[in-house]
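Visitor: So you can see what is in the structure, the chains are spelled out below.
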Amino acid sequence: MKSVAAAVLVLVAVALAAPVALAQQREPEPQAARTRDGAHTAPRADQAEAPDGAAGHQGFENGRGAAMLFWVLALATVGGALFVITRRNLVAAVMGMVGTFFALAALYAMLYAHFLAAIQVLVYAGAIMVLFVFVVMILNRPEDEPWALQGLLGKALAGLAILYLLVRVSGALWAVKDTPHAVVAGPRPQLADSTRPSGDLQTPSKAAQRDDDWGSTRSVGKTLFREYLFPFEAVSLVLLVAVVGGIALSRPHRDPEATPEGNPEGKSGDGEPGEKS
Amino acid sequence: MNDIFYKLTVSHFLILAAVLFAIGTVGVLMRRNALIVMMSIELMLNAANLTILAFARYHGGAAGLEGQALAFIVIAVAAAEAAVGLAIVVALFRTRRHADIDRLTLLKH
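In the order they appear, the protein sequences are chains D and G.
Take 1 as the starting number for the first sequence in the numbering used here and just add one per residue.
Take 1 as the starting number for the second sequence in the numbering used here and just add one per residue.
If you're looking for bench data, these hints aren't it; they were derived computationally from the structure.
Think of the CB as a built atom: it goes at the ideal place given N, C-alpha and C, for glycine as much as any other residue.
Keep in mind that the hints are not guaranteed to be accurate.
What the hints assert, rightly or not - What follows is a set of in silico ranges between Cβ atoms, one per label pair, in the way DEER data are often shown:
hint : chain 1 : residue 1 : chain 2 : residue 2 : range
1    : G       : N2        : D       : F134      : 45 to 53 Å
2    : G       : T95       : D       : V241      : 32 to 40 Å
3    : D       : L152      : G       : K108      : 17 to 25 Å
4    : D       : L239      : G       : L106      : 23 to 31 Å
5    : G       : L106      : D       : A161      : 24 to 32 Å
6    : D       : A156      : G       : K108      : 20 to 28 Å
7    : G       : T95       : D       : T217      : 37 to 45 Å
8    : D       : W174      : G       : V77       : 28 to 36 Å
9    : D       : G221      : G       : K108      : 44 to 52 Å
10   : D       : R168      : G       : L106      : 34 to 42 Å
11   : D       : F225      : G       : K108      : 28 to 36 Å
12   : D       : L240      : G       : L104      : 25 to 33 Å
13   : G       : N2        : D       : F225      : 38 to 46 Å
Said to hold, decoys possible - Computed footprint of chain D on chain G, listed as stretches where at least three residues anywhere in the stretch have a Cβ under 8 Å from a Cβ of chain D:
hint : segment
14   : 24 to 30
15   : 91 to 99
To be verified - With the C-beta cut set under 8 Å, the calculated list includes, among others, these residues of chain G facing chain D:
hint : residue
16   : T9
17   : L16
18   : L35
19   : I36
20   : G60
21   : A69
22   : I73
23   : V77
24   : A79
25   : V84
26   : L104
27   : L107
Required output: the full structure, derived from the provided sequences and hints.
Guide: Shown next as structure tokens:
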């Protein structure tokens, strides 16, 4: 059990260190990073290539560290996911899930989705996993037979079908890499190629075209509160309904005439170890 | 061959998301504990989110930002799903004293 905890800690540590390493990796320009004799040896490449912003095919040179980071994070993610679905101990499964979510947040940061990386850590690794831990504490019962192995033949067939589908889908997805702007380690995408009218009355169009703004909280918030205002409000309604539904479902329901309200026997009668949710 | 390891493209992220989704599917199909099944569903939602964000990075521009807004909405809906699903699991455990989805056959017959 101690090795399990150590593995989870390593996962979390790698996921936490990843954005820092990525930021350090992205700072130097490609030529400077390749020659390795100094961090600032290629200022002309700095001026020449940075503003033009075409992602191009230079990812082979400057993306090596990012690629290594991607493999580490992919290993952490897949390992955490396999950890989740193979553990008997529910708390260990939840901890593996937390490690997976941290690594996923770092992957989101690699895709310039910094706001969503923060949201991933806050909402998933914070709130949802705490909810899971509370429910695990309520359901503290070891399961006798964790794997549903009835009908093993059909499930083996289903597993083979999933594997085949995965291979075919991966083959289709691998073809995406030959398109020009598929190199992830290139410069940040820009807002400037927007074809829709901005509708922004306050800031001039120059501010909307800052190329260091893509994926930030500011730009995502603008999108959410302008074009996606109605889905945003609909989601708030969904969350309200979910809160009310969660309370209504998890309340212990009892017959109203059998145990009148405020009866101490009624409370101690169905006293369960954890009914506070 | 070195391209696969050193040249990071959007396909890497897409295939990783596909692998995560497959692991989540296997978890939903093969495990019996309702909590593990719910965690596998969360895993599948995260894989879908990773796909959305990879394509948002691929397209860039305002369309990519709309993809990020969509991923935000997916996270919010997943939070609502987790809350309601865990409430259902707690209610089930309160009445049946177990959370084994293979034994929950009340609606089957």
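Visitor: If a hint holds in the structure, say so; if it doesn't, say that too.
Guide: Status of each hint after checking the structure:
1. N2(G) <-> F134(D): 45 to 53 Å: Once the Cβ atoms are compared, 47 Å apart, the range 45 to 53 Å for F134(D) and N2(G) holds.
2. T95(G) <-> V241(D): 32 to 40 Å: violated, 23 Å
3. L152(D) <-> K108(G): 17 to 25 Å: The hinted range 17 to 25 Å holds for L152(D) and K108(G), with Cβ atoms some 20 Å apart.
4. L239(D) <-> L106(G): 23 to 31 Å: holds, 29 Å
5. L106(G) <-> A161(D): 24 to 32 Å: Distance hint for L106(G), A161(D) holds at roughly 29 Å.
6. A156(D) <-> K108(G): 20 to 28 Å: Given range 20 to 28 Å: holds, Cβ gap about 23 Å.
7. T95(G) <-> T217(D): 37 to 45 Å: holds, 44 Å
8. W174(D) <-> V77(G): 28 to 36 Å: Roughly 30 Å apart at Cβ, these two residues keep to the hinted range, so it holds.
9. G221(D) <-> K108(G): 44 to 52 Å: holds, 47 Å
10. R168(D) <-> L106(G): 34 to 42 Å: holds, 38 Å
11. F225(D) <-> K108(G): 28 to 36 Å: For K108(G) against F225(D), whose Cβ atoms are near 46 Å apart, the range 28 to 36 Å is violated.
12. L240(D) <-> L104(G): 25 to 33 Å: holds, 28 Å
13. N2(G) <-> F225(D): 38 to 46 Å: holds, 44 Å
14. 24 to 30: Since three or more residues must qualify, the claim that chain D covers the segment 24 to 30 of chain G holds, with 6 doing so at under 8 Å.
15. 91 to 99: Held - the segment 91 to 99 of chain G has 5 residues with a Cβ nearer than 8 Å to chain D, which meets the minimum of three.
16. T9: holds, 4 Å
17. L16: holds, 5 Å
18. L35: holds, 6 Å
19. I36: holds, 6 Å
20. G60: Where the cut-off is 8 Å and the nearest Cβ of chain D is about 3 Å from G60(G), the hint holds.
21. A69: With Cβ-Cβ at 5 Å, under 8 Å, it holds.
22. I73: Holds, about 5 Å.
23. V77: holds, 6 Å
24. A79: holds, 6 Å
25. V84: Interface hint status for V84(G): holds (5 Å vs cutoff 8 Å).
26. L104: violated, 12 Å
27. L107: Since the shortest Cβ distance to chain D is 17 Å, the answer is violated.
When each numbered hint is compared with the structure, violations occur for hints 2, 11, 26 and 27.
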